[in-house]
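Chemist: Using the sequences plus the hints, can you model the full thing?
For the protein sequence lines, the chains are A and B, in the order given.
Residue numbering for the first sequence follows the working numbering, beginning at 66 and increasing consecutively.
Residue numbering for the second sequence follows the working numbering, beginning at 66 and increasing consecutively.
These are computed hints drawn from the structure, not numbers from a lab.
All values derive from a computational prediction rather than experimental measurement.
Using N, Cα and C, we set each Cβ at its ideal position, and we do this for glycine too.
Please note that a few of the clues may not be correct.
To be verified - Partial selection, computed: residues in chain A whose CB lies under 8 Å from chain B:
#1 Leu-262
#2 Ala-278
#3 Asn-289
#4 Ser-314
2 protein chains.
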Amino acid sequence: MNIVLVGAGNLATNIGKAISRSGHQIVQIYSRTEASARTLADILGCTYTTSIDEVFEDADLYMIALKDSVLKDMAELLVKGRENRLFVHTAGSIDMDIIPALRRGVFYPMQTFSKQREVDFREIPIFIEAAHADDRDLLKSLASDISGKVYELNSENRKYLHLAAVFCCNFANHCFRLGEKLLDEHGGMPFEVMLPLIDETARKLHELTPQEAQTGPAVRWDENVIGKQMQLLSDTPDLQHIYELLSKSIHHDKL
Amino acid sequence: MNIVLVGAGNLATNIGKAISRSGHQIVQIYSRTEASARTLADILGCTYTTSIDEVFEDADLYMIALKDSVLKDMAELLVKGRENRLFVHTAGSIDMDIIPALRRGVFYPMQTFSKQREVDFREIPIFIEAAHADDRDLLKSLASDISGKVYELNSENRKYLHLAAVFCCNFANHCFRLGEKLLDEHGGMPFEVMLPLIDETARKLHELTPQEAQTGPAVRWDENVIGKQMQLLSDTPDLQHIYELLSKSIHHDKL
Chain A
66 MNIVLVGAGN LATNIGKAIS RSGHQIVQIY SRTEASARTL ADILGCTYTT
116 SIDEVFEDAD LYMIALKDSV LKDMAELLVK GRENRLFVHT AGSIDMDIIP
166 ALRRGVFYPM QTFSKQREVD FREIPIFIEA AHADDRDLLK SLASDISGKV
216 YELNSENRKY LHLAAVFCCN FANHCFRLGE KLLDEHGGMP FEVMLPLIDE
266 TARKLHELTP QEAQTGPAVR WDENVIGKQM QLLSDTPDLQ HIYELLSKSI
316 HHDKL
Chain B
66 MNIVLVGAGN LATNIGKAIS RSGHQIVQIY SRTEASARTL ADILGCTYTT
116 SIDEVFEDAD LYMIALKDSV LKDMAELLVK GRENRLFVHT AGSIDMDIIP
166 ALRRGVFYPM QTFSKQREVD FREIPIFIEA AHADDRDLLK SLASDISGKV
216 YELNSENRKY LHLAAVFCCN FANHCFRLGE KLLDEHGGMP FEVMLPLIDE
266 TARKLHELTP QEAQTGPAVR WDENVIGKQM QLLSDTPDLQ HIYELLSKSI
316 HHDKL
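Modeler: So, in structure tokens, the structure goes:
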């Protein structure tokens, strides 16, 4: 497929590389930021533009990998004059119908992308949706050339999937961050001492459910330890509140 | 060293195996529950007892791997008549001085132990403390035979380390559990679709700090997505409260 990639941020960069590697062709990058557009175009060996009017009109697919907040406006601008083409966005939480084209779809790779890290796209689940069956097959075929894990999912269910991903990734990562803060402020152990514990916490889930895997004072409801730990957090009421809420949630989950 | 192991639960089982493998000798298991004591004694090829009076009096080390709530009482019973011996407990959050013996210490392997999973003790950090320098050296030597990661840490700092571990392990795991619940209740994706995301979330921390690694709507403070996700949780106020609190905590962390 000949693909125009709209966006040049983290996600666009990662998807663009994966698509190029899969044998499909990114023919053009569009981004409002010329430096980003040029950088990504250089990596992928394709052309770029910063003007909507110059976006090719005959691509097989327009993939919009932009921040959620600008998606709607950009989709409208792009579709104009290219009404018969296939457009997808890559956002987990956004409805397919935000794209005002008959041939519209979603191509959502669920992963946490950071500029500093290369990810292995074969392992990343991609969730596909399309308004038309032919386009769905096209998107599934493209996704399968990139990843071993391709699923169909409608917009309503994808919203919950994305919400679950916020818990499993962003919120879990914030728990790591709060642990790091406690170490920084008390007792001089570097955060790296936590890595074997964090690795095992993730690894366990390949064999046990999160509920089976749970350990620690909250699931045992060890009031003595919980009381003392609440005390340790008395100078940081926000942290104390999070501790209390999550401990109770763990406890109630077990009941 | 000849070691009496007090306890026959998850932690005792894992430590007992690791000690046996290291060339040291577990000579006796004590547990109030005969079935558990016998099972572990069979695994380790040693004797066991359910009576405090029959606990050997001449071991080099008494390692108490019990629930925090019974630690104090058990330590008192054990020390009586064995006043010159070396006693340690294995609890992250408990003061060394809970043991009423001159030769007392702590031997805390920081990991999440589940019965169903074998762990690689070489990778588990062990935190050592002792009232006397000779005993500290003895414990460090034992720990080094089991693990490649041995640290000295006093009781005060260990309390914060253990609290940090609750965030990095138990609370992060609960975020995985809440994600699983959302998937169970909406939209029929199996939890295993989350595993690549969870694995990458943990793996990233070997290269980036948790703050650098953060992604998602809260760190971008994408009010549109946050508002919609709060809405999706309106039927589950407890979950909604956790969502709000963690999102704000991520946002404030960035400021």
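Chemist: Each hint: holds or not?
Modeler: Outcome of the hint check:
1. Interface restraint check: A:Leu-262 against chain B, minimum CB-CB distance 5 Å, threshold 8 Å, status holds.
2. For A:Ala-278, the shortest C-beta to C-beta distance to chain B is roughly 6 Å, which falls under 8 Å, so the interface hint holds.
3. A least Cβ separation of about 6 Å between A:Asn-289 and chain B falls short of the 8 Å threshold, and the interface hint therefore holds.
4. Hint status for A:Ser-314: holds, given a least beta-carbon distance of 6 Å to chain B, under 8 Å.
Violation of the numbered hints given earlier is absent; every hint is satisfied by the structure.
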